[in-house]
Each structure stands twice: as structure tokens, then as C-alpha cells.
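Trainee: Chains as they are written, first to last, in numbering that gives the first Met the number 0: chain A, 0 to 749; chain B, 0 to 471.
It should be emphasised that the hints constitute simulated quantities derived from the structure, not laboratory data.
Some hints here could point you the wrong way.
[Claimed, not checked] Below, simulated DSS-like cross-link-like pairs (lysine-lysine); rule was C-alpha separation at most 25 Å, straight line: (1) 220/B - 412/A; (2) 149/B - 483/A; (3) 421/B - 727/A; (4) 52/A - 149/B; (5) 590/A - 270/A; (6) 463/B - 413/B; (7) 727/A - 468/B; (8) 333/B - 322/B; (9) 421/B - 741/A; (10) 681/A - 220/B; (11) 681/A - 413/B; (12) 274/B - 149/B; (13) 681/A - 402/A; (14) 268/B - 749/A; (15) 103/A - 260/B; (16) 231/B - 260/B; (17) 468/B - 412/A; (18) 421/B - 463/B.
[Unchecked claim] Only part of the chain B face toward chain A is listed, based on derived beta-carbon distances under 7 Å: (19) 7; (20) 8; (21) 32; (22) 37; (23) 42; (24) 463.
[What the hints assert, rightly or not] In silico negatives: residues of chain A with every beta carbon more than 12 Å from chain B: (25) 437; (26) 462; (27) 518; (28) 537.
Model, not experiment: these values are computed from the prediction.
Where is the CB? At the ideal position from N, CA and C, for every residue including glycine.
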Amino acid sequence: MQNIDSYTHVRGESLFVDDIIIRQDTLFGVVFDSPKAHGKIKNVDYSEAENLKGVTKIFTYKDIIGENQIGGILPDEPLWAEDEVHFWGQPIAFIVAETEAIAKQARQLITIEIEELPVITTAKEAKTKGSFINAPRSFSLGNTEEAFSDCDYVLEGETFSNGQEHLYLETQGCYAIPQENGSIKLISSTQGPTAVQKITARVLGVPMHKVEVDVIRLGGGFGGKEDQATPWAVMTAVAVQHLNKPVKYILNRHDDLRMTGKRHPYSSFFKIGLNKNLKVTAFEAEFLQNAGAAADLSPAIAERTLFHATNSYFVPNVKTSVYSCKTNLPPNTAFRGFGGPQGMFVIESAIAAAAEAIGVNRRFIQEANLLSENDEFSYGQIATKVEVQNTWFSAKKKFELEKIESEIDLFNKNNESFKKGISLMPIAFGISFTNTPMNHARALVHIYQDGSVGVSTGAVEMGQSVNTKMLQVVQDILGISSEKVKLETTNTTRVANTSPSAASSTADLNGKAVKMACEALLGRLVKVATEMLDEDEQSISIQNDVVFVNGQKSKISWETLVAQAMLERVALSENAHYATPIIHFDKTKEKGHPFAYHVYGTAITTVTVDCVRGIYEIDTVKIVHDFGKSMNIGIDLGQVEGALAQGIGWMTIEEIAYDTDGRLESNALSTYKVPDIFSAPKTIETIPLETEGNDMAIFKSKAVGEPPLMYGIGAYFAIQNAVKAFNKSYVLKFHAPFTPEKVLMALYEK
Amino acid sequence: MTVFILNNELVKTAVTPSITLLDFIREQQRLKGTKIGCREGDCGACTVLMGSLNNDQISYQSITSCIAPLGNAHGKHIVTIEGVNLPKKLNVVQQAMASNYATQCGFCTPGFVVSMTGFALKDRASNLNSCNDAVSGNICRCTGYKSIEKAGFEVEKIVEEKDDNHQIKWLVQQGFVPNYFETIPQRLESLLSPNSEDHSYQSNTTIVANGTDLYVRHADKLAQETIHLVAKNTNLNGISVADNVCTLGANTTVTELLEHKELRKVFPKLDVFLKLVSSEQIRNMGTLAGNFVNASPIGDMSIFFLALNSVITIQHINGAERKVRFQEFHRDYKVYDLQEDEIVKSISFNLLSENETFNFEKVCKRTHLDIASVNAAIRINMNKDVIITAHAAVGGVAAIPKYLTKTCQFLIGKKIHPQNIKGAENILQSEIMPISDVRGSADYKRLLARQLFFAHFIELFPLKVDLQKLIY
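Throw the hints in and build the complete structure from the sequences for me.
Mentor: Structure, rendered in C-alpha cells:
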């Protein structure tokens, strides 16, 4: 089944926040933000801006009735700066005017005096100066010290992976409309409707029931709208609270790029120990996460880095630690993979360094250390239903790895200006919010008396087609056709206390809740049918909109059945709650079973580097991926390809640049380049691994949003492989992204 | 008054012509299918088609409406996503996108559909595009593009069957576009009355061609100003070849250059070179003169025409004309030889003789739709195996698009030999002064300038030069 929104998407009829026809008396907001990365605010002069015709009001922290606090995990971030600013682009005020143009014009008229304070832009510098968000975390397994002393090879090294801009095509925004009795409705482009509701209530000083958050759909999120959709919604709400008129704020691209956080840059150190048989017996890593100026989701992201520090490998002795370093960048935030990719890049680098030192093909080390059934992760979870070796060996076989390798060798022998490179990238990615209490969801299913069905969940549709999967669940359980089912907007008054749509687990959590709701409804309807047909319950089923008895069509249609249930005053609505069983994690011991299951896979990436110009193309990415039993392979393949492209972008051309003053240099689409149609791999081939699936996943169809992003890491090592084929004296570096600049410098490094 | 056909409706508007076409479409007309992604022509979410009537023939081009001044829609057919929708069913492009799972979040999708419809509408005889080329200016952050590419292949395949003599009719019949498209040429004709417009240039107004640079930087400001739109000034249009001299009007777009039949014979790799320049949408809008007076040290067209040893013609408001060697046009960073009340009229160059060859190189972070880190071009005239003249230019390594006077001088009388090329490259390094910025470090740009200089010779004289001989 195609994405149920396809029809309206391709016709330009799907509505996003900015497309809603607004009330006539709507006012428009624009943020005035800090032009310095760190300093004391000495004076802000709003007078000229306030006097501009058409300016309604300029809001600052002084206008806040509740708390000036939007921090999610830690209360360390004001909505609007008070006496100090901590990053370039930090919101200071919110200008509300009759038109957006006037609001922007007014922004130009505000003058500010800032007494500058020292600026930290890198995690390393923050660590040196002791600037942290919270206490460091450490995971350990076995005894690395002893293990290293027994190793035949011990390598140490340093890596860096840069940040990444989400570049959701739809920028952040919200439309706030006053309701009766001081209530406010927010139509927000957020992955976390409840977060918006909760923080808005806190800042406004009102109970949560006064704030209704409605989400139609997002024009892309990728984690960037998990926590960071909140401030803009809260600002419009504050304005509504004071003005009692609707207020709309859609960020323009430059403001969005400048003011919002990104994927975290990481500076890391590794130490890896191997034996002659290439078994990695010990691994240590220290991760310095550049968290930016406030916690945001950084502590949770840091934690996931540790969870994935050994990727899909079993290492018996592990010691890893992570520091969330406080700097003067915008607070960095969730981005597809959530710290996992940064962790995996380090161990893949360590393996590359080891392979280079030992003089073996990197893939032999990878292969020698792949996870097996019942291996223990450094956080105590025992790996079960492990599929990584299956994906690895079937990728080798199905894609004829050795043939590809010999073709590359031959090509490289015969070409002096072009070199090809190859890499393998296995993945193991844990599914669940690592914060166990977040793993729950609800669904509200109404069967209307005409037999049509309305479904509300906590899932936010942002292109991942979660609504399509929800519809499939309804269709499958109730036995009705898809036209009968409508997915409603995500709304906090219908489904409350939601977890954000994140961690790849939205379809699992909400899908299980939908399934439970539908099963309860089905049970009641079957009972009605039993009486109508005078049969026992076991013999009744519903298929294709008709009641079946012992596999035979009866005369009772779905509509008739529903009408009868209505007459009999049977409840045709159901609200179900699902909480993931089994999972737990003890942070005091850093041990537990945080994940419902893992997703596995292996990608083979080949690239061609133009050694005259230093540019490159990704030729092929061939993947064997563990979908479990995919409930919608078309959609799931789309998730693999999209995530892969993003991962490759992160590793190749997407380069965030801040200057030493903390100003974003890659502040426009002309300076921050994401993949276009020509930079996508020439070929992507994805073969689903044949497995039995996992019952913890909805319909045994495993979560797919994040894991394939990490296949993109393969691009880095494939390029490195090609560079090395051209320049034998190139010394391996692990400093992503591998931009054309770095490639050319590496090709001609002496 | 701006008068045009928007989808199937006649629009007459007194709204200031300097606002963007995008804002007019979304805010005035409340057509919300055209999306706002970046407002700098870099994402394609706002793509619309612009249909122009030339000699009874209508031709459509995709443009980014976020940087197009409304005034340029005058006399045109503007097509938004709503304008390609068929009643109650999907058109061919839409169906291909939907069935290939080529839409995820849906925000970029209308832009892709419009670009691909533009591909289908393009006159096949001059169409050098693949469907991928047609969406070169459309960014999608969800799909990874392969599904979109598949949809494009399907569209390409269907378009192969197009009836060349009745293109619009055929597209209507096949279900690419609604049937009102057939009425457009006639309706446009009745719209266009001769002499309806004043092209005379007024002092102290900002001159705008198609906005690809000015509207990226100053759209808000320009929306409040009176601007002078030169795109309608037909005196500045057209490419002519006479007496071995090619003259290109200031308004010539990159697409017009790319598709010019005679010039493609002169430069067999013209489309390869020019597809490195920006995206389809921007090539359809960006003009040569715009690129020259933008005066970016990295302007692709500046480098291209510097190496062609061109002459630029400048026209005064009073009609007087003067010619300047293009090598002398750019004086310093963003300073160039254009006085008050003067505009660029045209640029001309001598066609390449049999003994002459030309090459253009460009490297940027992303190969397409990106600004170069370094770009370079060269024109070489050979007498047997000796260089008679050489004209080389390199961008991104100086305050201006750099013509390499000394390097060219050195090459004269030399044979194509690695030693001579390396010698010339040494001089090249003395002529450039790159700085470190977001497009790369100074060291990188120096190395890249060398590599692209070598690349010219590797491309043009593959039998005499190879990479290994040049770098060791």
C-alpha cells in the first residue's frame, strides 16, 4: 500500500501549518535573536521598532506569566534570554505585527549592546575548561586494562564527526489561535505534541488542559522537531495569551538554520586491542559530545552513543565514557540515529586504523567480531535473535563481494586518474526509547454508525508513513477496506500524554495500541454477530467488509453489523494503551535490558574518486537489511533509501561550519549542501533478509526509521579506500565529512 | 498593471511588480500547493512553470518562484501545481510519483511534479535534459531520490512517444496536463498587445533581470522598491552568429546558451559544461549579464567568457555604446567598469577556429547546484603542436574572476608537454591569491587551481599529457 497521503501530496493539496487559511485578524511574529555567541546583555533598545506602524507588541522574558523555562531533560534553557546570551541566534524577543514584512522590518530597528564573554565552540575546549551539561556517563564490561596487556595489537587514535543540519524542507512554525476561557489551540509542526503542550502550559502558567496541540503533518522532522519545535509554539502562545488574537510564526530558512540545533559534533578518542586472529578483545572510547549551550536532548543522545559504541560487534572488554560538553553553539538536538551514528563511526574508525596497522583488509576484522546469539552488550543486555551475521554473509554471497573486489582491483590497476573504493558496513541498532518510561502509546478508535472508522494516535506523520501503517493495522484487525478508515490529526485532546514520534518506535508503540483498540472493538462486534447469526464466537470473522462464518461469507455486511451494534448500545469507540514489556534499565549500574529488539543489516558501498579533481561519486550501495517481516515493503525500502542518503550526506558533503566567534557560516542553502539527485548513489539495491520477525515489533515488522542511516558511514571508508589506492603515503584520518576538499588534500598529501 | 494567465485564470493585478511571484501565488491567490522552502532558489519547493509565446509557439520553462519578480510574469502563462491537476485523477507525472513511492513527507513533492511536468512540456527537439536534469534544482530530504528517479524514467519513457507536431494536444490526451493548456497560446496572443510596455530605463532604480542573484539577497527590500525589469527588453535578447563573431544579448539565459544549436557545434561539450552551472530552474532564469555584474570572483559565466577572450558592449541611457575587453571589465572585488546610467548590452567573442579548443572545469562541494570552490576555463589556439595563443581564467582565487595574463603569455610558443604545463602552472600560482572561506581553505584552492589547470590539458590533449606526468 502506498503512502495514504500520496494523492494529496502529488497534487499539492496536503496541508502543512503554513498552508492553513488563517483568521483575518491574525498577527505575525518574528524572533529577534542574539548577534553574539556569549555575553551579558547591557541594553536592548526596542523603542524604534515598537514605534513602527503595524507593530503590535514586542515580547520579552518580562511578559512571561509562568516560568521562563523550556528545558526538557534539564531546566537550563530560557524561552527568551534575560541577562545573558549563550549562543549566536538565541531568542531574545518576539516581535508581533500586522504582517510578517513589518515584523521583519521592526527587527532591523532593534539595537543591542552586549558585553562579550569568551566563546567556546568545540567540545575539546569545553572539556579543557570543565564546561559540561551534566556528569559524564560510563559503560563497562569485563576488564579492558587486563585485556589490552594480552593483546597482540593495540591502536589508539582520534576521530571527529561533524554536526548535521536537519534541513526538513518545511521550516519550523506554529499557528496559535485563542479559544474560550483563556484556552489556546496550537497548530504546530512538532514531533512532540505533548512536549509543546507541557512547556507552553509551564511558560504561560496555565494548566495543560488549557493548551490544545494539533499536528496535521510535518514536512520532514528527522529529530529536528522533537524538542526544537517547542520554542516557536510557546512564543506564539505567549503572544496569544496577551493579545487574544491568532498569531502565526513560520521561520524563514535563514532564521531556522541560525537558531536551531543540529546533530551533535563529536570529538572522540579510541583504543582498540586485537589478537593475531583479529578478534577485538578490548575497546575503549571517550566521546566528547558538543552539546551546545543547553541540555536539550543531549544527555539522552550521549547515552545512546554508549549503547552503540561497539555497533554490531561483540567485544568482551569495553570501557566507554561520554561527556556532554557545554559550548556556545545552539543547543544540539535529536537527529535520526540519536548519537548512535557518532558512536559507530568511532569503532569503525578504530577498526580501519587497526587494519591499516596490521596490514589486513578492514572487512576481515569486521567479520571476525560480528555479534552472535547470547553475546552480551556492554550495558548488560543479552543479544537474542541476532541477525547481523546472516545479513553479512548473505550480502557477501548475494552481491558477490569477491567479484566486486577483484573488479575494483582491476579498475584501479588500469586507471590512473580514477580510483574505486569499497567498504562494508554492518549495523545493529537498538529499538526503544532508552528512557524506559517513554515507551508507551495510546490509540483512540471510533467506529461511526455508518461503518466508517476514525483513528487517533500519538503518532505524528512526517513522511515516514506511520499513518499508512496505522491504517494497515486497522484494516487487518477489523477486516475492512482502507476507504473506510481515516487517520485523524495528532491532537492532545484526543490522545494525551504522548511520547514524541521518535526513536524509530512510533509505528511499534502506536501500532500496538491501535491493534489493541481494534481487537477490543472486534471482540464486541463479533459478539453482536454471534447473536445475529446464532453461531459461536470462534466461527465468526470479518473479512473484506463482510462477516464470515467458518470461512464462508454471510449476508451480514460490516455496515449492517455496525448498525446492529449501535441499536444494541454497544460501545463503538475504544481507547487502548500499550506499554512495551520486558524493557528496563538501571542508570545507577548502567546495566539492564533497554531495547525491545535490535535491527541488523549490512551494506556494501563502492565509490569512484576522480583523482584529478578530488570529487567522487557513490556508485552502488548494496544492502541486506533485517526488516523482520515488513508490513509494507514499499514504504520500508523508502525509509532505507532516504536514511542512507542522509547518512551519506553526513559523511560526505554536508559540512556545518561555525567561525571562532560562534557564528554559523554555513547559514544558507547556498553554503550548506545536502545531497541532490546526482549525489545519490547511482544504484541502491536492498534485499530484505528472510527472517521470522520479532513479536515486539508491530506485525513482526521491525522499526526502520533510523537504522539504515548508519549504512552511510560506509561511504566514508569506501572513499578512504579509494584515496589510499591513489596515494600510498596518505595517512588515514577519521575526520568526517570527507568533503571534496579533504579528498583532494588527501590524494596529494606527501 | 501585471497581466498574465495563472493556471486557467486571467490575472490582472496592480500589486507591486517587485514582490516575488511566490508571495503573489500563495498570499494573494491563496494557492498553497507551491511551497516555501528556502527563498533563495536552492531547494525547488516553489517551482512553477513559465510559458512564453514566441512566434505562435509556446514554450514552458521551470523557474523558482521565490526569486522571480512578479512583474516578469507579465504576458506569460504561469503554471502552479494546481494548474497541472486533472479533475479527480492523477496526471501522468503524479501517478508515476505516487506508484513509485516517490513522495514521503510531501513538502517537496509539488515542486518535483511541476519540474517533471516541465520536462514533459519541453520541446523535444531542443530538449537535452533527462528527467533527472529537470529536477536538478529540487531537493528532497526524505526519499534518497531513487524512487523519484524511477518515476522520472517512467515519464521519460512515455514522453519518447510524443507527437512532435502537436505536442500540447498529445500531452493533454495522454493525461499530462489539463485540456485548458490547448487554449493558452491563443489566449496569450490576445493578451500581448505590441508596445504595451515602456522599456526605457529610469535612473536610480534597481535593474533586475530574472532575480537569481538580487532576489536571493534582497527580496524583502526590493518588494518595497520600484525596479526596472530588463527581461522584457528585447534589445537585450538573442544570440547571433555573423562573420565568425558570436554575440549574446545581456538577457541570454544559461539555458538559451546551452541549447543553442550552432554553439553546440562549436563547443561539443557545451551541455556538459553548462549543466555544472546551477540547476535547471536557475539556468532558465539566470542571465549572462547578471552573472557578470554580480561580479562574484567565482561567477561561472564570467570565467567561461573570460577564457573566450570576449568583448562586452555597454550601452548608455542615451543610446551611446562602448566596447570593453571583458578581461578589463572587472576591476576589483565587486567593482567593475559600468558607469551610472549604463547597462550591459551584449557580449561577443570570435568563434573557435579549427585549430582552437576550449575547456571548462568546475569543482564544488556538491557537483550540481553549488557555487564553485574553484572554476576554470581555457581557450587554446594551436599551430601544429605549438601554442599560438592561450586564454585562461580561473575563479575563486582572487578578488575578481581572474584572467591569467602571465600564464597565457608563458604558454605562447610552447609545445604541449608536461614540463611546459608545469611551468605555466607555476606562473598561475603567482597570479592568484586565494583566501580561506566557507568554500575551502586557501591551500585547497591553490591545489585545486593547479589540478583544474592540469585537467584542461588532460581533457584536451589526452595523448600528450596524463596525470602522472603532471604531478611527478
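Trainee: Please go over all the hints and tell whether each is borne out by the structure.
Mentor: The hints, checked one at a time:
For a cut-off of 25 Å, the pair hint linking residue 220/B to residue 412/A is broken: about 57 Å separates their Cα positions. Between residue 149/B and residue 483/A the alpha-carbon distance is near 31 Å, which puts this suggested pair outside the 25 Å criterion. For a cut-off of 25 Å, the pair hint linking residue 421/B to residue 727/A stands: about 23 Å separates their Cα positions. Between residue 52/A and residue 149/B, the direct Cα distance comes to roughly 52 Å. Violation of the 25 Å bound is thereby established for this hinted pair.
In summary, the hint linking residue 590/A to residue 270/A is supported, as the alpha carbons are separated by about 22 Å, within the 25 Å threshold. Using a Cα cut-off of 25 Å, the hinted pair residue 463/B and residue 413/B holds, with the two alpha carbons roughly 13 Å apart. Distance restraint check for residue 727/A and residue 468/B: the Cα-Cα separation of roughly 17 Å lies within the 25 Å cut-off, and the hinted pair is therefore satisfied. Pair hint residue 333/B plus residue 322/B holds up; C-alpha atoms about 20 Å apart against a cutoff of 25 Å.
Of the pairs offered as hints, the one joining residue 421/B and residue 741/A holds, with about 23 Å between alpha carbons and a cut-off of 25 Å not exceeded. The hinted pair formed by residue 681/A and residue 220/B fails the criterion: a straight-line CA distance of about 42 Å is larger than 25 Å. In summary, the hint linking residue 681/A to residue 413/B is not supported, as the alpha carbons are separated by about 41 Å, beyond the 25 Å threshold. Proposed proximity of residue 274/B and residue 149/B is supported: the alpha carbons are some 21 Å apart, at most 25 Å.
Using a Cα cut-off of 25 Å, the hinted pair residue 681/A and residue 402/A holds, with the two alpha carbons roughly 19 Å apart. Under the criterion of a C-alpha separation no larger than 25 Å, the hint pairing residue 268/B with residue 749/A is inconsistent with the structure, at around 34 Å. Of the pairs offered as hints, the one joining residue 103/A and residue 260/B is violated, with about 47 Å between alpha carbons and a cut-off of 25 Å exceeded. Between the alpha carbons of residue 231/B and residue 260/B the distance comes to roughly 23 Å, so the proposed pair stays at or under 25 Å and holds.
For the suggested pair residue 468/B and residue 412/A, the alpha carbons sit about 17 Å apart, so the restraint of at most 25 Å is met. Proximity of residue 421/B to residue 463/B is assessed by CA-CA distance (about 14 Å); at most 25 Å being required, the pair is judged to hold. A least Cβ separation of about 15 Å between residue 7/B and chain A goes past the 7 Å threshold, and the interface hint is therefore violated. The interface hint given for residue 8/B is violated, since its Cβ lies 16 Å from the closest Cβ of chain A, which is over the 7 Å cut-off.
For residue 32/B, the suggested interface contact is upheld, since its CB lies about 2 Å from the closest CB of chain A, less than 7 Å. Hint status for residue 37/B relative to chain A: holds, with the closest Cβ pair at about 4 Å, below 7 Å. Interface hint status for residue 42/B: upheld, as the beta-carbon distance to the closest one in chain A is roughly 6 Å, under 7 Å. The interface hint given for residue 463/B is broken, as the beta carbon of that residue sits about 15 Å from the closest beta carbon of chain A, more than 7 Å.
The claim that residue 437/A is not at the interface with chain B holds, since no C-beta of that chain comes within 12 Å of its own (minimum 24 Å). Residue-level check failed: residue 462/A sits 3 Å from the nearest beta carbon of chain B, not beyond 12 Å. Annotated as non-interface, residue 518/A keeps its C-beta farther than 12 Å from every C-beta of chain B; the closest such distance is 29 Å. Consistency note on residue 537/A: stated as away from chain B, and its beta-carbon is indeed over 12 Å from all of that chain's, at 39 Å minimum.
Taken one by one, the earlier hints fail for this structure at numbers 1, 2, 4, 10, 11, 14, 15, 19, 20, 24, 26, listed in ascending order.
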